[in-house]
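**Student:** Residue strings, one per chain:
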Amino acid sequence: MPVLEQPSEVLRQFCHGDIDAFEVLFRQHQSEVYGWIVRMVRDPATAEDLTVETFWRIYRAHARFDPSRNFGPWARCIATHAALDHLKTARPEIDLPDDLASPLLPNPAISEELRRKTAHAFRRLPAKLQVAATLALIEEQSQKDIANALGISTGAVKLRVFRALRLLRKELKRQGLEP
Amino acid sequence: MNEHDQKRIEQLLQKSLPPVSVQVGADLRRDLWPAMLQRIEARPASVPWFDWALLAAVAAWCAFFPGAIPVLLYHL
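Protein sequence lines, in the order shown, are assigned to chains X and G.
At position 17 of the first sequence (counting the first as 1) the number is 17 in the working numbering, and the numbers step up by one without a gap.
One rule links them: number in the working numbering = place in the second sequence (from 1) + 1000.
Please note: incorrect hints may appear among the correct ones.
Stated by the list, open to error - Mimicking EDC-like on lysine to aspartate or glutamate, the simulated pairs with C-alpha atoms at most 16 Å apart in a straight line are:
hint, chain 1, residue 1, chain 2, residue 2
1, X, Lys117, G, Glu1010
2, G, Lys1015, X, Glu113
3, X, Lys158, X, Glu139
4, X, Lys170, G, Asp1027
5, X, Lys170, G, Glu1041
6, X, Lys173, G, Asp1005
7, G, Lys1015, X, Glu140
8, G, Lys1015, X, Glu139
9, G, Lys1015, X, Glu112
10, X, Lys158, G, Glu1003
11, G, Lys1007, X, Glu140
12, X, Lys158, G, Glu1010
13, X, Lys117, X, Glu32
14, X, Lys158, X, Asp145
15, X, Lys128, X, Asp85
No lab work stands behind these hints, which were simulated from the structure alone.
On a predicted model such as this, the values are computed, not experimentally measured, just so you know.
Throw the hints in and build the complete structure from the sequences for me.
**Tutor:** Structure representation (structure tokens):
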């Protein structure tokens, strides 16, 4: 087996800034990182950019990585923070493209206006609440995975989800919509 | 907000925003390594000379008038 096909050797070489080892890790984890990011930002093009941004941060932080730990959760944590940074700055302008929003309405009983306003109000929530609620309620990720990715406890994840729902309800009520 | 309200708003949210895997797919459609290489090989942005001059001026000002440092920090 070539040296760089041994996972521990790849991680050790990566820690020393070896570009070949970084490429091996990039190719192994790019799909997983992209899949995690697209669940938070909900836009494929943005998720691709943020995947590159995540690995750029990983590349710069190579010396801080402990090769005895798993690379995947570390990368996911950095990806989560890259997505959060993006949502904090770009959030108010983000709108779901029309082709994503309408055709997959799963329940015809819910009015288009209520659906649209709910989605809009949700995207205006603080980024850290929005991310926790998106991953927990929409993407149905485990609270443990979300907590690890955000670097907080599962209790804090539950609290963020609760606060997101409370704020969303308050905003919909303010707009005269009774969910 | 009681538990019933929480459930209702959860359901509304799930109906309004279906999972990404249902909408656009969560699978990566292209290899991002070329974009990554481009990012790594991009030369770091050089700092314009004017920024260095401004920094030197501020440093000199702080050295001659240390009392101005809190004022400067307040305005940052």
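**Student:** Give a verdict on every hint.
**Tutor:** Outcome of the hint check:
no.: 1; hint: X/Lys117 with G/Glu1010; result: holds (15 Å)
no.: 2; hint: G/Lys1015 with X/Glu113; result: holds (12 Å)
no.: 3; hint: X/Lys158 with X/Glu139; result: holds (15 Å)
no.: 4; hint: X/Lys170 with G/Asp1027; result: violated (35 Å)
no.: 5; hint: X/Lys170 with G/Glu1041; result: violated (48 Å)
no.: 6; hint: X/Lys173 with G/Asp1005; result: holds (12 Å)
no.: 7; hint: G/Lys1015 with X/Glu140; result: holds (13 Å)
no.: 8; hint: G/Lys1015 with X/Glu139; result: holds (12 Å)
no.: 9; hint: G/Lys1015 with X/Glu112; result: holds (11 Å)
no.: 10; hint: X/Lys158 with G/Glu1003; result: holds (13 Å)
no.: 11; hint: G/Lys1007 with X/Glu140; result: holds (15 Å)
no.: 12; hint: X/Lys158 with G/Glu1010; result: holds (13 Å)
no.: 13; hint: X/Lys117 with X/Glu32; result: violated (31 Å)
no.: 14; hint: X/Lys158 with X/Asp145; result: holds (13 Å)
no.: 15; hint: X/Lys128 with X/Asp85; result: holds (10 Å)
In this structure, the hints that do not hold are numbers 4, 5 and 13, in rising order.
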